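Asks: Given next are the chains, with one letter for each unit.
There are 2 protein chains.
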Amino acid sequence: MQISKRIEAMQFSPIRKLVPFAEAAKKQGKKVYHLNIGQPDIETPQEFFDAVKNFDAKVLEYAFSQGIPELIDSFIEYYKLFDLNYEKDEILITNGGSEAVFFALVATCDYGDEVLVPEPFYTNYNSFSKSAGAVVVPVATSAENGFKLPDISVFESKITPKTKAIMLSNPGNPTGACYDMADMEKIKNLAIKHDLYIIADEVYKEMIYDGHKFTSFTQMEGLEERVILTDSISKRYSACGARIGCVASKNKALMAQILKLCQGRLCVATIEQIGAAALARVAPSYMENVVKEYEKRRNVCFAALQEMEGVTCQKPNGAFYIMADLPVKDTDDFCEWLLKEFHVNNETVMFAPGSGFYATEGKGKNQIRISYVLEEESLKKAMNVLKEALKAYNK
Amino acid sequence: MQISKRIEAMQFSPIRKLVPFAEAAKKQGKKVYHLNIGQPDIETPQEFFDAVKNFDAKVLEYAFSQGIPELIDSFIEYYKLFDLNYEKDEILITNGGSEAVFFALVATCDYGDEVLVPEPFYTNYNSFSKSAGAVVVPVATSAENGFKLPDISVFESKITPKTKAIMLSNPGNPTGACYDMADMEKIKNLAIKHDLYIIADEVYKEMIYDGHKFTSFTQMEGLEERVILTDSISKRYSACGARIGCVASKNKALMAQILKLCQGRLCVATIEQIGAAALARVAPSYMENVVKEYEKRRNVCFAALQEMEGVTCQKPNGAFYIMADLPVKDTDDFCEWLLKEFHVNNETVMFAPGSGFYATEGKGKNQIRISYVLEEESLKKAMNVLKEALKAYNK
Numbered sequence: 003m004q005i006s007k008r009i010e011a012m013q014f015s016p017i018r019k020l021v022p023f024a025e026a027a028k029k030q031g032k033k034v035y036h037l038n039i040g041q042p043d044i045e046t047p048q049e050f051f052d053a054v055k056n057f058d059a060k061v062l063e064y065a066f067s068q069g070i071p072e073l074i075d076s077f078i079e080y081y082k083l084f085d086l087n088y089e090k091d092e093i094l095i096t097n098g099g100s101e102a103v104f105f106a107l108v109a110t111c112d113y114g115d116e117v118l119v120p121e122p123f124y125t126n127y128n129s130f131s132k133s134a135g136a137v138v139v140p141v142a143t144s145a146e147n148g149f150k151l152p153d154i155s156v157f158e159s160k161i162t163p164k165t166k167a168i169m170l171s172n173p174g175n176p177t178g179a180c181y182d183m184a185d186m187e188k189i190k191n192l193a194i195k196h197d198l199y200i201i202a203d204e205v206y207k208e209m210i211y212d213g214h215k216f217t218s219f220t221q222m223e224g225l226e227e228r229v230i231l232t233d234s235i236s237k238r239y240s241a242c243g244a245r246i247g248c249v250a251s252k253n254k255a256l257m258a259q260i261l262k263l264c265q266g267r268l269c270v271a272t273i274e275q276i277g278a279a280a281l282a283r284v285a286p287s288y289m290e291n292v293v294k295e296y297e298k299r300r301n302v303c304f305a306a307l308q309e310m311e312g313v314t315c316q317k318p319n320g321a322f323y324i325m326a327d328l329p330v331k332d333t334d335d336f337c338e339w340l341l342k343e344f345h346v347n348n349e350t351v352m353f354a355p356g357s358g359f360y361a362t363e364g365k366g367k368n369q370i371r372i373s374y375v376l377e378e379e380s381l382k383k384a385m386n387v388l389k390e391a392l393k394a395y396n397k
Numbered sequence: 003m004q005i006s007k008r009i010e011a012m013q014f015s016p017i018r019k020l021v022p023f024a025e026a027a028k029k030q031g032k033k034v035y036h037l038n039i040g041q042p043d044i045e046t047p048q049e050f051f052d053a054v055k056n057f058d059a060k061v062l063e064y065a066f067s068q069g070i071p072e073l074i075d076s077f078i079e080y081y082k083l084f085d086l087n088y089e090k091d092e093i094l095i096t097n098g099g100s101e102a103v104f105f106a107l108v109a110t111c112d113y114g115d116e117v118l119v120p121e122p123f124y125t126n127y128n129s130f131s132k133s134a135g136a137v138v139v140p141v142a143t144s145a146e147n148g149f150k151l152p153d154i155s156v157f158e159s160k161i162t163p164k165t166k167a168i169m170l171s172n173p174g175n176p177t178g179a180c181y182d183m184a185d186m187e188k189i190k191n192l193a194i195k196h197d198l199y200i201i202a203d204e205v206y207k208e209m210i211y212d213g214h215k216f217t218s219f220t221q222m223e224g225l226e227e228r229v230i231l232t233d234s235i236s237k238r239y240s241a242c243g244a245r246i247g248c249v250a251s252k253n254k255a256l257m258a259q260i261l262k263l264c265q266g267r268l269c270v271a272t273i274e275q276i277g278a279a280a281l282a283r284v285a286p287s288y289m290e291n292v293v294k295e296y297e298k299r300r301n302v303c304f305a306a307l308q309e310m311e312g313v314t315c316q317k318p319n320g321a322f323y324i325m326a327d328l329p330v331k332d333t334d335d336f337c338e339w340l341l342k343e344f345h346v347n348n349e350t351v352m353f354a355p356g357s358g359f360y361a362t363e364g365k366g367k368n369q370i371r372i373s374y375v376l377e378e379e380s381l382k383k384a385m386n387v388l389k390e391a392l393k394a395y396n397k
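Residue numbers (my numbering), protein chains in the order written: chain E, 3 to 397; chain X, 3 to 397.
No incorrect hints appear here.
Identical chains share a label here; the pair holds if one copy fits it or two copies do between them.
Straight line, CA to CA, 30 angstroms or less: simulated BS3-like cross-link-like pairs of lysine-lysine:
| hint | residue 1 | residue 2 |
| --- | --- | --- |
| 1 | 342 | 19 |
| 2 | 164 | 7 |
| 3 | 7 | 160 |
| 4 | 60 | 82 |
| 5 | 82 | 215 |
| 6 | 7 | 195 |
What the hints contain is simulated information worked out from the structure, not anything from laboratory work. Fair warning: this is a prediction, and the values are worked out from it, not measured in the lab.
The following block holds chain E by itself, in its conformation from the complex:
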């Protein structure tokens, strides 16, 4: 009676594996700043909660497998803001962006098939691909180079007959990097030349700073059938707990297949879908304020990091993460130590160790991912804890 090899090979989430130490620290009375997880402190729009409170059915029934029509319509309207015209059968509601990515992998890959992924990448691509039996093939990018994509020949050197897709988040998690047109053209050409899908994870598409212009893979001509968009309301509406996302593609044949997966798990939670559908009524000023707030936080966080000896990082122009190199050998140990041993005025901070964002063994050991999801004062205090911690840890 064995446990499967694939689940044993899976890692615990670097974002969540230190939670027991954080809980223990809190029990000791320490305050813990959570910069480990993309859980914003920004208020969820009241429209969501009002819709939930107004739900008055007597029976909490299954929803349609593809999602409730009002929610699909609201995604259709939302994408029109980006000059994208999706039809009703080109969008399927999922349990967050997570399920969208998993479904995209199952639909494009058989067991052992490969997916090219610029590294570092969103850590859970590892668990989704292991569950789905697909293999993540990492393509290195580096902070020094602003996480820009390498030459197309580097991607091509990794292509085998089993390569089925390129998967990437844009803006990037954990890098905060937003791809420019040169990078996007690279991916486009590669996908066309080698007949690959592009799994485009664009859940942070609103969080763009410094006047950078975001382009979606879905907007690029000639990619209509190739792009599988995975999206979520979690970040843009600070509604992570709703677990509402979608998978969308103009490739109707593919979407018809993914519907089978939706039917298999029956439906996404009904009440949360009703709440999410109401977000279509949120004023545009909500998002404008959110983006301004994150840009300010990024600046606070980045400025603080620049003043710490031995810490290097790029100023990211998207999402709400900074991937920073620390002057420590093993950030897994350092992050655990922060929770177990260290505090400044009984306060400490939690980060996600960098190694979990790599598939390449040994990489990221001196990095952390910082989620700048807390308001300015908390962020400043957390950064001060980090500064003092680095001094103490390296003694």
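Got chain E; can you put chain X on it based on the hints?
Replies: Relative to chain E, chain X alone:
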């Protein structure tokens, strides 16, 4: 750019694939009785809705990956009613029973590994196993024999080095059969002898009729480490849309591994968990009334079927399904015809065609699964539609 072979090989849900025809019938003004899906018309306890309405956080945050503590505690209390003592780290909250089954498969099977399943079986075992890369190996049971399990030698003839588990629903979906101790001992002996897990899907455990006594695989001595329980609140609290279930096992090493899968998809919807936790306060009389109601419906449905010429079925003693043999060659065609062509006083009925509940090609073609989830009067009308339809279809 191909679609994966496994998703192409997946079937559309027999429970849901006719939905477009049902929607079209409704647009034409027809009333459709939905006996295709296990969606009860029984009211969800008010405690659920009250808890949802009282949710007053400003930010809809991620929940813990393992589930919110109140909900885990409520499952622990619930299992105590069955003399089962689970600890906190032996229960993980899932997106309905669906995700629980999927997680159990990923944790026990590598790609190509096999799971023995008495046939007919819950149709979505097919899609979960294809997603997970596990292979369902059907073991035939038949209505004439009350869906009792065959001799242990029949199971053993199917065992290979790749066999990792036995999976079964008890009471059975779609059979309505509740296993007796002789059958359960068979499974126990087989699992011990061949070192297999038992994935016990017991979401209908309350729906037991005629004074039959239900025994859970979790209650059997000597199986503590082998049994993986998959459960859901969907049926017992008529809360299908909540998508709240759990996977539970006394095998702590296994549960620690499954936590990785929970972390990968981050969490289950927060608000629905809060609603589900409140169900612990529902009076026992709720469930007693529900069971009485289903027993009455089963009697109505079974009596009506017995009076139809050429229809045969067993009187099931659990769940809320009847698997009936109809005097037609192809129930896929018949069920579609019911929606597209037939009506009695502008009313028709929707069933799940039987073939989708089999892995063996060609089986179940003359069967339907009837979900007796509607109140008596609707059920009588729906049965009358079936009676008249059989006469008309066979002309």
